[in-house]
Structure formats: structure tokens, C-alpha cells
Amino acid sequence: MTKAIEVRDIIKRYRVKKRLGILKSITEFIDALKGVSFSVDYGEVVGLLGPNGAGKTTTIKILSTLLLPDDGEAYVAGYNVVEEQNEVRKRIGIMLSVEKGFYGKLTGRENLEYFAALYGLDGKRSRERIDYLLKLLELDKLGGDYKLFEEFSLGMKARLSLARALLSDAPILLLDEPTLGLDPPSARKIRELVKDLAHRENKAILYTTHNMFEAELVCDKILLINKGRIVADGTPQELKSRIPKLKVITLDIRGKGSIDKVLKDLEEKYEFKEENGIYEVRIHVHRPEEVFNETVRKFINNGFEILSARIEEPTLEDVFIYFSEGSS
Amino acid sequence: MSFIVLLKAEYMLVYSEVMRRKSALMAIIIYPYLFAGLTLFVGFSAGSPQSFVERVGIDPIVFMVTASYMIMAITTGVDDILWRPLSDSWIGTLVYIIASPVNKLKLFMAMPIPRLTLLLMMGFTSILPIYVAFYGLYGVSLTIVVVALSAIGALVMTPLGIAISGLMHVASESWRILSIVRPLLFVFLGAYYPRMFMPLVLRLISYSIPSSYTVELVQRLLIGIASIDIVVLLGLSIALAAIYVPLGRKSINYWEKKKVREGVKAH
Numbered sequence: 001m002t003k004a005i006e007v008r009d010i011i012k013r014y015r016v017k018k019r020l021g022i023l024k025s026i027t028e029f030i031d032a033l034k035g036v037s038f039s040v041d042y043g044e045v046v047g048l049l050g051p052n053g054a055g056k057t058t059t060i061k062i063l064s065t066l067l068l069p070d071d072g073e074a075y076v077a078g079y080n081v082v083e084e085q086n087e088v089r090k091r092i093g094i095m096l097s098v099e100k101g102f103y104g105k106l107t108g109r110e111n112l113e114y115f116a117a118l119y120g121l122d123g124k125r126s127r128e129r130i131d132y133l134l135k136l137l138e139l140d141k142l143g144g145d146y147k148l149f150e151e152f153s154l155g156m157k158a159r160l161s162l163a164r165a166l167l168s169d170a171p172i173l174l175l176d177e178p179t180l181g182l183d184p185p186s187a188r189k190i191r192e193l194v195k196d197l198a199h200r201e202n203k204a205i206l207y208t209t210h211n212m213f214e215a216e217l218v219c220d221k222i223l224l225i226n227k228g229r230i231v232a233d234g235t236p237q238e239l240k241s242r243i244p245k246l247k248v249i250t251l252d253i254r255g256k257g258s259i260d261k262v263l264k265d266l267e268e269k270y271e272f273k274e275e276n277g278i279y280e281v282r283i284h285v286h287r288p289e290e291v292f293n294e295t296v297r298k299f300i301n302n303g304f305e306i307l308s309a310r311i312e313e314p315t316l317e318d319v320f321i322y323f324s325e326g327s328s
Numbered sequence: 001m002s003f004i005v006l007l008k009a010e011y012m013l014v015y016s017e018v019m020r021r022k023s024a025l026m027a028i029i030i031y032p033y034l035f036a037g038l039t040l041f042v043g044f045s046a047g048s049p050q051s052f053v054e055r056v057g058i059d060p061i062v063f064m065v066t067a068s069y070m071i072m073a074i075t076t077g078v079d080d081i082l083w084r085p086l087s088d089s090w091i092g093t094l095v096y097i098i099a100s101p102v103n104k105l106k107l108f109m110a111m112p113i114p115r116l117t118l119l120l121m122m123g124f125t126s127i128l129p130i131y132v133a134f135y136g137l138y139g140v141s142l143t144i145v146v147v148a149l150s151a152i153g154a155l156v157m158t159p160l161g162i163a164i165s166g167l168m169h170v171a172s173e174s175w176r177i178l179s180i181v182r183p184l185l186f187v188f189l190g191a192y193y194p195r196m197f198m199p200l201v202l203r204l205i206s207y208s209i210p211s212s213y214t215v216e217l218v219q220r221l222l223i224g225i226a227s228i229d230i231v232v233l234l235g236l237s238i239a240l241a242a243i244y245v246p247l248g249r250k251s252i253n254y255w256e257k258k259k260v261r262e263g264v265k266a267h
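Chains A and B supply the protein sequences, listed in that same order. What the first sequence shows, in this note's numbering, is residues 1 to 328, in sequence order. What the second sequence shows, in this note's numbering, is residues 1 to 267, in sequence order.
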């Protein structure tokens with residue numbers, strides 16, 4: 001059976017102008033994608049996971065026929081995205097932005113009617129489909145029928161955006177950060193729906209996000225992308241199991257010492273965040289029992305108070321850091 | 001993909017925008033009066049109505065009101081085609097239009113019709129009272145003819161508008177070019193400045209614009225012409241529009257390809 005999406009060695013290079021003054025500039029090239037290959041089957045949600053600028057949106061745009069690759073081949077439903085654009089367009093539903101992309105003076109329903117017409121849907125067929133989608137996404141309860149798009153909340157806009165992606169009942173969905181900036185109930189609704197669409201309606205879904213938690217919840221398979229390369233792929237469990245010896249020492253600390261000075265001395269990979277004067281430091285180690293005491297002592301000697309210290313299993317975020325740092 | 005389906009969608013889009021944005025509706029109603037009033041004010045300040053009648057052969061009030069109405073109808077149709085790629089890009093809808101399987105030429109052909117319909121109706125509030133005042137009951141039938149010819153004038157302009165739009169929007173900051181193209185169209189249509197008074201070079205450019213023939217036809221109609229001219233001018237107008245159809249198709253395809261090559265922005 002044909003793969004829903006097949007990408008082979010896609011390369012995309014952007015030309016950017018570097019301004020050196022009012023009149024002076026030089027042209028530079030940025031490699032957005034450096035030979036990306038992957039495939040997506042029908043009935044699965046594949047997450048394209050990576051930080052900003054990793055190449056997620058570029059990949060989605062190439063597959064949506066909105067951008068041409070410089071090299072490599074990509075097929076959607078068996079059709080080449082460069083040579084058979086119209087065939088590809090008939091078979092995809094896209095969601096590229098949560099906030100924009102609708103006409104402000106049209107209601108949610110009217111917006112969907114307009115976009116349905118672009119897919120050749122009219123009259124009863126269009127009405128029935130829109131009724132179904134408004135109900136499915138609970139927009140009927142939120143006033144999607146009579147509220148103008150400019151009066152929509154962000155959560156409603158996101159739901160409407162997903163409804164548009166589903167208008168033509170396309171077998172392949174390309175969703176670019178569909179829950180970005182949404183409140184938890186709206187994000188949860190979209191995540192549940194995405195899983196249902198893949199598993200019950202056998203749709204192939206490519207889902208980009210930089211939210212590890214979300215990727216773990218939604219995706220059957222994850223592609224870790226960083227700096228234009230796929231650095232690892234597999235199910236969330238497979239990815240975690242590929243770094244079996246890796247553990248994480250997590251310390252919650254407080255103090256007036258220089259955290260940079262302590263972290264600089266660490267030989268292991270780490271990340272940290274600070275909230276209200278409390279630092280959460282996560283250090284990736286292979287044998288935590290050997291370094292735990294020494295690590296804790298370093299922080300105490302530098303004027304930090306240890307609020308809690310524990311050894312944890314790696315999260316998907318740790319997996320991402322592990323692989324992406326390896327790639328760079 | 002049916003043209004009618006797209007046309008219905010465009011009607012819904014434009015009428016919702018116009019009716020729910022009161023300022024836009026008011027502008028459509030007031031604009032013909034404002035435009036004609038301003039030109040007449042300048043005309044009466046600079047010259048005498050008698051010399052206008054001697055040179056052009058029509059009363060300046062009838063001429064200017066008719067010219068304003070025709071210009072409004074024709075440029076509004078073209079404006080929709082010229083501005084929509086830009087406004088869709090700003091709103092963020094362009095990306096979804098390009099990524100849809102819709103026939104872009106058909107969509108562009110449908111774009112100007114809803115607003116044009118609205119404007120044509122305005123003929124009964126703008127030119128009808130003036131014509132009735134000048135020509136009596138004959139003014140009513142004259143209004144119907146001028147409205148019909150304005151409709152033809154706007155529709156035959158569509159393929160050329162698409163051709164210009166496609167070429168123009170491949171450039172960055174195309175809105176700057178648009179603000180040059182629009183007044184040029186005003187001049188070359190010959191509505192305010194009849195073609196017969198234009199220098200040869202301008203006249204040749206004017207001949208290449210399909211709507212300029214319908215404008216000339218209306219002007220001759222107001223002066224009083226032989227019936228054969230109607231057929232010739234209408235024929236030229238439609239024939240020229242037909243010539244621009246393949247050019248419009250190529251232009252819109254070129255624009256779409258260029259956009260995709262650069263990457264359509266999703267904002």
C-alpha cells in the first residue's frame with residue numbers, strides 16, 4: 001500500500017539578506033532542511049518535534065505545496081508535491097496558523113462555507129459537513145454559527161482552523177503547532193480529536209510541535225528534528241529506550257551563589273530553569289549513584305540550599321536534548 | 001469546479017464585508033457623488049460650461065456624473081482583482097487559497113462580480129436623477145443602457161485586470177505599484193479625458209484597454225451616434241477581452257508558481 005506521506009532526502013535552503021548598513025547587504029544561505037527523510041502511514045499520528053527554527057514548518061509547507069524543495073522528493077498520497085500539486089491539494093487538509101487565516105467579518109459558519117466552495121463543496125453537502133464539524137469541535141455551543149470571526153477567542157479560532165482542515169474530509173492532515181497558545185481545555189479537545197481522526201477514521205496526520213508532553217500524548221511515532229536534520233525517530237517508548245543508561249538527577253535549589261559557575265564545572269549535559277528564585281536543575285548522567293553526592297556537594301559549597309534532590313527516568317525532553325546535542 | 005459555487009461564495013464574502021462594515025457601505029453610496037462633485041467644482045472654477053459643451057458636445061454635469069459612475073464601476077471591478085491577493089496575504093487567507101485545489105482563474109473571474117453588482121445598482125441613485133432632470137423620461141431608458149454598458153465595461157476589464165494583478169504581485173511591496181496603476185487606468189479609460197483629445201501615444205495605450213471602448217460608446221451615445229458604432233465598439237471591447245483571457249491565465253499561473261517558489265507566508 002502507498003505510504004500516505006513519503007519524504008526522501010529533502011533539502012531546502014533559504015536565501016537571506018544580511019544588512020550591513022542602509023545600502024550595504026550581503027546574501028547568505030541558511031540550510032533549513034539538510035536531507036530529511038521519513039514516511040507516514042494511514043491511521044497514525046506522526047509528530048515532528050523540534051525547537052523553533054528546526055525545520056518543522058518548512059517541512060509542512062513543502063508537503064502542502066506551498067514551498068518548493070531545492071532537492072529530494074516528497075510524495076503525498078502517492079503524488080509528487082512538485083509535479084502533481086493539484087492532486088496533492090485535493091488530498092490534504094492543512095492547519096498552519098491558529099490565530100489568522102479567516103475573514104473577520106464572516107461568522108465561523110460563513111468562513112467554513114467560503115473555504116468549502118474552494119474545495120467544490122456546495123449546497124446540502126457543504127451544509128451537512130459544516131454542521132457536523134461545528135458539532136464535532138463544539139463550536140455550535142460556543143456561538144460559531146453566529147459570532148463573527150473577529151469576535152472569536154483564541155480557542156475558538158483554533159477549533160475553526162481545525163474544522164477547515166477537515167472540511168474536505170481529506171485522508172491526510174498536516175497540522176502545524178495546532179495547540180500553540182491555547183488554553184488547556186481547547187488544547188485537550190484538539191489533541192483528543194487528532195488521535196481519534198487517525199485511529200478511527202484512518203487518517204494520516206503529520207503534527208508539528210515543540211511541546212514534548214503533547215508529542216508524547218498524541219503521537220504514535222515521533223521524528224526529532226533539529227537544525228534541519230531528523231536526529232532520531234521512533235515511538236516515544238522506543239526513543240526513551242534508546243538511551244537506557246541515561247538517568248536524570250533533578251535538583252530544586254535556592255541560593256545567592258553563582259549558578260553559572262557551578263554548572264560550568266559539570267561534565268554532564270544539563271538544563272535548568274528559574275522560577276521565583278528557585279532553580280530546577282536537570283543533569284543527565286549514566287551512573288547517578290557515582291556522581292550524586294559530589295554534584296549535590298558542589299551546589300552546597302557554592303552557597304545553595306538543596307530543597308529536593310531525586311533521580312528520575314528520562315522524559316521525552318531529555319531524549320530530545322540527548323539526540324539533538326549529539327547531532328550538533 | 002463550478003464557477004457558480006465560487007460566485008456564490010464571493011457574494012457571501014463581499015456582501016458580509018460591505019454590509020457589516022458600515023463605513024464601507026457609506027463610502028460606496030457617497031463616492032460617486034463626491035467624485036462627480038469634486039470634478040465639477042474644479043471644472044466650473046477653471047473653465048466655463050459653454051466652452052465644455054462646444055468642445056465635447058455634452059453638458060459638463062451629465063458628462064462628469066456619467067464619467068464618475070463608469071470609472072467607479074470599472075475600477076471597482078478591477079480593484080477587487082488587484083487588491084485581493086494583497087488583502088488575503090495580510091489577513092492570512094492566501095495560504096489556504098493557494099493550498100486549495102480551486103481553479104485560480106475562475107476564482108479571480110468571480111471576485112469582482114459581487115461588488116460590481118452593488119455598484120451597478122447605485123446607478124439608479126447617482127445617474128438616474130441627473131438624466132431625468134436633463135432628458136425627462138428618456139433619462140430612465142438612458143440610465144438602463146449606461147448601467148448595462150458599465151457592467152460590460154467592468155466585465156471586459158476582468159481578464160486584463162487578472163493579467164496585471166498576476167504580474168504585479170510577483171514584485172515585493174506590490175501595493176506601491178498598485179497605487180500607480182490605478183490612476184493610470186483612470187486616465188487611459190478616457191472617461192474624464194476623452195480619447196479623442198489624447199496625444200497619439202496615450203491614445204494607442206487607451207486602445208489596448210477593453211473598457212475604453214465601452215466608455216467611448218457611452219460618450220457617443222450621450223452626444224448622439226450612428227448605430228453601427230455600437231456594434232463595432234462593443235465588438236472591439238469583447239474581442240480585446242477575449243485576447244487577454246489566455247494572458248490572464250498565464251499571469252495568474254506565473255504568480256502562483258513564483259509565490260510557491262518563494263514560499264507562501266502563513267503569518
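These are calculated hints, taken from the structure and not from any lab test. Quick caveat, the model's predicted, so the values are computed rather than measured. Yeah, the Cβ is synthetic: ideal placement off N, Cα and C, and Gly gets one too. One should not assume that every hint holds.
As the list claims (entries may be wrong) - To give an idea of the chain B side of the interface with chain A (calculated C-beta under 10 Å), a few residues:
no. : residue
1   : L6
2   : R20
3   : S100
4   : R182
Status of each hint after checking the structure:
1. Interface restraint check for L6 of chain B: the shortest CB-CB distance to chain A comes to about 6 Å, inside 10 Å, so the restraint holds.
2. Using the Cβ-Cβ criterion of 10 Å, the hint placing R20 of chain B at the interface with chain A is satisfied: the shortest such distance is roughly 5 Å.
3. Satisfaction of the interface hint for S100 of chain B is found here, the shortest Cβ-Cβ separation to chain A being roughly 4 Å, below the 10 Å cut-off.
4. The beta carbon of R182 of chain B is not positioned within 10 Å of any beta carbon in chain A (closest approach about 24 Å), and the interface hint is therefore violated.
Hint compliance for this structure: hint 4 is the single one not met.
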